[in-house]
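One line per chain: the protein sequences are A and B, in this order.
In terms of the numbering used here, the first sequence opens at residue 1 and continues consecutively.
In terms of the numbering used here, the second sequence opens at residue 1 and continues consecutively.
Since the hints were made in silico from the structure, they are not lab data.
A hint or two may mislead.
Stated by the list, open to error - Pairs of lysine-lysine, DSS-like flavour, derived with a Cα cap of 27 Å: (1) Lys-298/A <-> Lys-369/B; (2) Lys-394/A <-> Lys-369/B; (3) Lys-272/A <-> Lys-298/B; (4) Lys-253/B <-> Lys-272/A; (5) Lys-268/B <-> Lys-321/A; (6) Lys-424/A <-> Lys-394/B; (7) Lys-12/B <-> Lys-268/A; (8) Lys-298/A <-> Lys-272/B; (9) Lys-28/A <-> Lys-155/A; (10) Lys-272/B <-> Lys-424/A; (11) Lys-268/B <-> Lys-253/B.
2 protein chains.
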Amino acid sequence: MNIVLLSGGSGKRLWPLSNDIRSKQFIKIFKKEDGTYESMVQRVYRQIRKADANAIVTIATSKTQVSSIHNQLGSSVGISIEPCRRDTFPAIALATAYLVDVMHVDPKESVVVCPVDPYVEQDYFEAVRGLSEQADKGEANLVLMGIEPTYPSEKYGYIIPENEEHTSMVKSFKEKPDVKTAEEYIAKGALWNGGVFAYKLQYVLDKAHELIDFTDYQDLFDKYETLNKISFDYAVVEKEDKIQVQRFSGQWKDLGTWNTLTEAMGEKVVGKGILNDTCEDVHIINEMDVPVLAMGLKDVVISASPEGILVSDKEQSSYIKPYVDGIEQQIMFAEKSWGSYQVIDVENGSMTIKVTLNAGHSMNYHSHKNRDEIWVVIAGEGTTIVDGMKQNVKVGDVITMCAGCRHTIRAVTELKLVEVQLGKEIHAEDKQKYPLEK
Amino acid sequence: MNIVLLSGGSGKRLWPLSNDIRSKQFIKIFKKEDGTYESMVQRVYRQIRKADANAIVTIATSKTQVSSIHNQLGSSVGISIEPCRRDTFPAIALATAYLVDVMHVDPKESVVVCPVDPYVEQDYFEAVRGLSEQADKGEANLVLMGIEPTYPSEKYGYIIPENEEHTSMVKSFKEKPDVKTAEEYIAKGALWNGGVFAYKLQYVLDKAHELIDFTDYQDLFDKYETLNKISFDYAVVEKEDKIQVQRFSGQWKDLGTWNTLTEAMGEKVVGKGILNDTCEDVHIINEMDVPVLAMGLKDVVISASPEGILVSDKEQSSYIKPYVDGIEQQIMFAEKSWGSYQVIDVENGSMTIKVTLNAGHSMNYHSHKNRDEIWVVIAGEGTTIVDGMKQNVKVGDVITMCAGCRHTIRAVTELKLVEVQLGKEIHAEDKQKYPLEK
Numbered sequence: 001m002n003i004v005l006l007s008g009g010s011g012k013r014l015w016p017l018s019n020d021i022r023s024k025q026f027i028k029i030f031k032k033e034d035g036t037y038e039s040m041v042q043r044v045y046r047q048i049r050k051a052d053a054n055a056i057v058t059i060a061t062s063k064t065q066v067s068s069i070h071n072q073l074g075s076s077v078g079i080s081i082e083p084c085r086r087d088t089f090p091a092i093a094l095a096t097a098y099l100v101d102v103m104h105v106d107p108k109e110s111v112v113v114c115p116v117d118p119y120v121e122q123d124y125f126e127a128v129r130g131l132s133e134q135a136d137k138g139e140a141n142l143v144l145m146g147i148e149p150t151y152p153s154e155k156y157g158y159i160i161p162e163n164e165e166h167t168s169m170v171k172s173f174k175e176k177p178d179v180k181t182a183e184e185y186i187a188k189g190a191l192w193n194g195g196v197f198a199y200k201l202q203y204v205l206d207k208a209h210e211l212i213d214f215t216d217y218q219d220l221f222d223k224y225e226t227l228n229k230i231s232f233d234y235a236v237v238e239k240e241d242k243i244q245v246q247r248f249s250g251q252w253k254d255l256g257t258w259n260t261l262t263e264a265m266g267e268k269v270v271g272k273g274i275l276n277d278t279c280e281d282v283h284i285i286n287e288m289d290v291p292v293l294a295m296g297l298k299d300v301v302i303s304a305s306p307e308g309i310l311v312s313d314k315e316q317s318s319y320i321k322p323y324v325d326g327i328e329q330q331i332m333f334a335e336k337s338w339g340s341y342q343v344i345d346v347e348n349g350s351m352t353i354k355v356t357l358n359a360g361h362s363m364n365y366h367s368h369k370n371r372d373e374i375w376v377v378i379a380g381e382g383t384t385i386v387d388g389m390k391q392n393v394k395v396g397d398v399i400t401m402c403a404g405c406r407h408t409i410r411a412v413t414e415l416k417l418v419e420v421q422l423g424k425e426i427h428a429e430d431k432q433k434y435p436l437e438k
Numbered sequence: 001m002n003i004v005l006l007s008g009g010s011g012k013r014l015w016p017l018s019n020d021i022r023s024k025q026f027i028k029i030f031k032k033e034d035g036t037y038e039s040m041v042q043r044v045y046r047q048i049r050k051a052d053a054n055a056i057v058t059i060a061t062s063k064t065q066v067s068s069i070h071n072q073l074g075s076s077v078g079i080s081i082e083p084c085r086r087d088t089f090p091a092i093a094l095a096t097a098y099l100v101d102v103m104h105v106d107p108k109e110s111v112v113v114c115p116v117d118p119y120v121e122q123d124y125f126e127a128v129r130g131l132s133e134q135a136d137k138g139e140a141n142l143v144l145m146g147i148e149p150t151y152p153s154e155k156y157g158y159i160i161p162e163n164e165e166h167t168s169m170v171k172s173f174k175e176k177p178d179v180k181t182a183e184e185y186i187a188k189g190a191l192w193n194g195g196v197f198a199y200k201l202q203y204v205l206d207k208a209h210e211l212i213d214f215t216d217y218q219d220l221f222d223k224y225e226t227l228n229k230i231s232f233d234y235a236v237v238e239k240e241d242k243i244q245v246q247r248f249s250g251q252w253k254d255l256g257t258w259n260t261l262t263e264a265m266g267e268k269v270v271g272k273g274i275l276n277d278t279c280e281d282v283h284i285i286n287e288m289d290v291p292v293l294a295m296g297l298k299d300v301v302i303s304a305s306p307e308g309i310l311v312s313d314k315e316q317s318s319y320i321k322p323y324v325d326g327i328e329q330q331i332m333f334a335e336k337s338w339g340s341y342q343v344i345d346v347e348n349g350s351m352t353i354k355v356t357l358n359a360g361h362s363m364n365y366h367s368h369k370n371r372d373e374i375w376v377v378i379a380g381e382g383t384t385i386v387d388g389m390k391q392n393v394k395v396g397d398v399i400t401m402c403a404g405c406r407h408t409i410r411a412v413t414e415l416k417l418v419e420v421q422l423g424k425e426i427h428a429e430d431k432q433k434y435p436l437e438k
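Chain A on its own, in the form it takes in the complex:
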């Protein structure tokens, strides 16, 4: 099976765990049987592997997520990088070309496109495999997953099938309705559109060539910025007559708000937290080192990270966005291709961060115009290059770098350092990168 996972952009609805640079699908929040935690993307990837150990998985995403994806899924997963956001049709066209031209998948094969963040059980991916097999048959150009509705939701589009068979031709699509209209649709046998569909690669390649002038994946990638923003629904689905739908009646949740996310959590407390016995339906998700104590609360979610602290009634939590938009704040924590960093102190004229470098990785060779930096190695071993001079470093070593000085560090074992930045103007943008001479 070939599968493309659409990994959406940053969102603030799960602040303080998601923000401008950290997306909800990477939050490690689900407890596994071995007691460790996995993220939405790790859960979905594990489920796909279980449904088909040989599945070719490609994640369609932006450059900013590449580090997190490799950190969480390893380096063998395919990534179709969108140079910029151009809506779903260009993204799916690019991923399709990537499968054919980079992964060398036969364009006669089918692929399933699926969001990266549904909260589902294993049967969902069995159904996904069913879509792929149905697309292989070629009875239709598109095969959609139709989810049996459990309530008249206003949040989803609806699919009206021609009949009640497991696989049926699609009669029509309906936009997100109000509750009353949703009830009428459901009475007529309508299904939720969960944004999952399968097609033969050649089909979307042909559609892409009809709408875009390009030769192959690399050419499409290079001119990606020039493409019009257009959705896959508008460009393809609405113009297509031969569409089938396959029913899915298992559990399916869209964990987009704290309310829905905490419903799916197996336990009340992730991280350091205490609920007293008068708390009712309270969840704590705490990424900080200090404890959260909750007393006498009901239907509340508490989440703490280096970015901030949320305490919200669960229903209210879906209205979070405008409040978070109003918070002006520097990024306090980030995953990078080489590891991660966390701001641990901010003063007028200085900033102190903790840097963790994964074994075998190094940061870019770079300099800063307006700040000096001092590194203190607090764990591990590595090699620094400072203005071309190489030096082995270990715990307790101190490296001082004046503004303008070029520097990098490579971790031999996992390496941690405290970096003190000093200067009147400290900005993330103040960074010049250089190639490293071998």
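With the hints as your guide, set chain B onto chain A.
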């Protein structure tokens, strides 16, 4: 007017702002007219100065509070340091001897003893001055403040006066009653005992000499550890016939729990915090650098500090103690005589703290057996002494100290440094102090 303020020990009922080393009276939580914040002890001290600019104020407390008192009230306030806790009679005897022998107050003068943390208006300290003046008259040996009850509280002892005059002899005292009994007392004209009383210094000196064998203040101080624990009520009040009470009908609050403390706060948010418009009677007290966002809550207090995060229904907050007792945690923030420190990172084998030294102050000359330390100066100027060698330091300077190396730093201007501690065993107790050769 002479006044002794009894400054009680550490408490956990206002965790995470109070803890083993930080007492509630030092939390800066009350907004002043100029927009800055003051603590309970600062508020009370300011009110006393306003009632009597020449008042001689002595704070009776333990050694651990001396730094905080000097930081918050300056160096001119008198402090009677209890070498250990020995209940209120030894504490009041010691403070009385301190006034006579150290501050050279005439033993014929009177003094008012008062808790350090009542939340009151200016009229309270006018009433305190009234007690002092009444004690001067010598009509009784003790003059108590009797607070007009506003409800039948079970939290206070009651004073039954002989008549309804402003000043009356005391007929009897009653222990903390149940609500029904309290109602009966109040019907009979009983007053709350707020723990405020005045006496002539010689009176308590005589009582002290009756019960304790000592010559003067220094002798009493030196043998303080050998004294029996005994309360002032038991040792003096219960045995005294000539006691007067003066009525006080102004505002008087005991801010011992988050519930009562937030009632007295002039504003809903102290520190970085946002309340959405569906929050009702919610308070945020945030000492951290990151924002707290509260949504859809009612009657809740949220408090965050480097020690932890509390989210509690206000009523429930009075039951906090056993939960906080269960939290094992190192101290993350402390005020010292020379400034303050805050733990900013804890790793296996290292701890990073930020140290702030007040101008003109220095830490002890000391060494550590089992850890190396590295200082990076991030603000200010000062002088280090490392193994006897003196050196001027400024922003960006790095000082490395191996285990065993003696070191100190003196701040010329306010000085801040990042201190990285490295070692397998990092304990606060690992500290040897040395005298500094001039």
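### Task
Enumerate the violated hints, using their earlier numbering and listing them in ascending order.
Checked against the structure, the hints that fail are numbers 1 and 4, while the rest are satisfied.
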